[in-house]
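All chains, full assembly: derive it from the sequences and hints.
What follows is each chain in one-letter form.
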Amino acid sequence: MKNRKVGIVSVGLTKFMRRAKETPKELAYYAAKTALDEAGITRRDVDAAIIGSAPDAFDGVHQKHEYLTDGAGGVNLPTMRGYVGGGTGVFSPIQGWYSIASGMHDVVLVTTEEKMSSVLPSAQAAFNTIFDNMIERPLGPNLVWIFALEMRRYMETYGIPKEHIAAVSVKNKGNALDHPSAMLGQKLTIEDVLNSEVLAEPVHLLDISPVADGAVSFVMMSEEKIKEFGISLDDVAWVEGVGWNVDTTMWTNRDLSYPKYVEKAAKQAYTMAGQKDHSPETLRKWLSFAEPYDPFNYKELHHLEGLQLFEKGKAPLAAYEGVTARDGDFPVTPSGGLLGVGNPIAAAAGMKVAEVYLQLTGKAEKRQIPKDVTRGLAQAWGDLMQVGTVIILKGGRVE
Amino acid sequence: MKVRGTKLSHDEFMNKVISVDHHPEIEYAWATGIAISKFLEGLKQGKIYGAKCNDCNRVVCPPRIFCEECFSPMVEYVELPDTGVVNTFSLAYIRTDASRREKPEIPAVIDIDGTTLTPSGFLHLLDENISHDEIKVGMKVKAVWKPENERTGSITDIMYFTKMEE
Ligand SMILES: [Zn+2]
Chain A
1 MKNRKVGIVS VGLTKFMRRA KETPKELAYY AAKTALDEAG ITRRDVDAAI
51 IGSAPDAFDG VHQKHEYLTD GAGGVNLPTM RGYVGGGTGV FSPIQGWYSI
101 ASGMHDVVLV TTEEKMSSVL PSAQAAFNTI FDNMIERPLG PNLVWIFALE
151 MRRYMETYGI PKEHIAAVSV KNKGNALDHP SAMLGQKLTI EDVLNSEVLA
201 EPVHLLDISP VADGAVSFVM MSEEKIKEFG ISLDDVAWVE GVGWNVDTTM
251 WTNRDLSYPK YVEKAAKQAY TMAGQKDHSP ETLRKWLSFA EPYDPFNYKE
301 LHHLEGLQLF EKGKAPLAAY EGVTARDGDF PVTPSGGLLG VGNPIAAAAG
351 MKVAEVYLQL TGKAEKRQIP KDVTRGLAQA WGDLMQVGTV IILKGGRVE
Chain B
1 MKVRGTKLSH DEFMNKVISV DHHPEIEYAW ATGIAISKFL EGLKQGKIYG
51 AKCNDCNRVV CPPRIFCEEC FSPMVEYVEL PDTGVVNTFS LAYIRTDASR
101 REKPEIPAVI DIDGTTLTPS GFLHLLDENI SHDEIKVGMK VKAVWKPENE
151 RTGSITDIMY FTKMEE
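Note that the protein sequences, when read in sequence, are chains A and B.
If you count by the numbering used here, then the first sequence holds residues 1 to 399, one letter each, in order.
If you count by the numbering used here, then the second sequence holds residues 1 to 166, one letter each, in order.
These are computed hints drawn from the structure, not numbers from a lab.
Warning: the hint list may mix true and false statements.
As the list claims (entries may be wrong) - Just the calculated beta-carbon pair ranges, DEER-fashion:
| # | chain 1 | residue 1 | chain 2 | residue 2 | range |
| --- | --- | --- | --- | --- | --- |
| 1 | A | 133 | B | 18 | 52 to 58 Å |
| 2 | A | 234 | B | 18 | 41 to 47 Å |
| 3 | B | 2 | A | 138 | 46 to 52 Å |
The C-beta atom is built at its ideal place from N, Cα and C for all residues, glycine as well.
So, in structure tokens, the structure goes:
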């Protein structure tokens, strides 16, 4: 059976904020309503709603999907929540894709939302519940630890200098100056990053993305509905490939220098999109740009390698040399990413998918990549360093 | 496209806007299951247990009752030495509540000797008195145990791992 063709026809974003006055439901409404308005449709046209949101522990509201249903436009519709930790924001549009591709629905409203400011004194307390409850939590770990441990292993394996990794913070926080939702756009130097406070060596303060509140929504449609509504193909980005993969939670039994699960997710998506050659040179020509997950600066590089866009250990130098700048040979994270726009978990990856849409439809305003872009990829990552989710979009008029 | 949202400062959030507080008091106690119970009982006796899969032949640590790859039962526990190699480490100054430590604690992943195919192990701490310059990925380490009468069957029965003399 052949999958039906599915397009994203609009996106809606809120501001990303350290603390929002709005409730999660209100944030979801802002994003969902904006996406519907941008598509020129109403909630009456929607067949199904999908909600993406990370741990309930951030909100202190159990079964958050039920709570969020009203704001996500899902009342009295087939509504569901998918949840793969930080990977959720890309997984939600994947769910939208298969709901439509399968023939089940024609118009799906997808909302990713996170409000992390309600948990006190910081989101760390909630994050700690992701660690193994029997042999890790008694050691008193915190989330920065595992990133520091993975980052060290990555740097040691390939002999990567910290300067090359710091270049990602400079680039992304700089790109975020042009994003209307951004909370942490900053003009920085590599020295600023290297000299920022040490949290857990090798992780410094400016290596990390800020926790945030925010929401992002999409309207997704079947090709038939796009025609029926008379939506211009200039406003459409087609879903060409999707992939996701989950590794074991036993992260201390794994090769921390390389995200194998991201490779598997990416290859699934490339193959689905008809791209059989997975060599970095071919893929960087085939894709115009990428939005990999960057909760920490080294993660963008780790993911670029998992995505097969650079050879193992080679992404850091490319970042340092400007290859991945917005006007570089292969732009990466033109949005400003989690490092610059902010990291409201599920909504952060939602923002990355939104950026791919906005770039492909020429609506990225000051962030628009200064060359023709035909095809882009967004990727997210999460749980206990074990999930990869990938979506590939192409322009509405690209064959 | 208009992006909406009402930003609150920390002061506005804590002192000015109406908020509702809730401090849930929930307690959990977990039965540690078949394999981790064996592992923790081992620690109480000063031993580190792994498990062997008879399909793929690997010895893994911590032990489990099934191989997640082959999905066949791991019927054999293997007593491993209390030595290993630093897979990776950090000098951690930040605590969970975001407050800072003067002297860092040193979390590390220790690959336990005797695990096979790919080395495996667990999260633990390194001796805080090792000079920071000496700590390296690949460093050989040995468990430092609590006195036997203070062990409870916990990961903290090992106080930390320290550098082995060459
Ligand atoms: Zn096996």
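Evaluated hints:
no.	hint	in the structure
1	A:133 x B:18: 52 to 58 Å	violated, 36 Å
2	A:234 x B:18: 41 to 47 Å	holds, 45 Å
3	B:2 x A:138: 46 to 52 Å	holds, 49 Å
Hint 1 alone, counting from the list given before, is not met by this structure.
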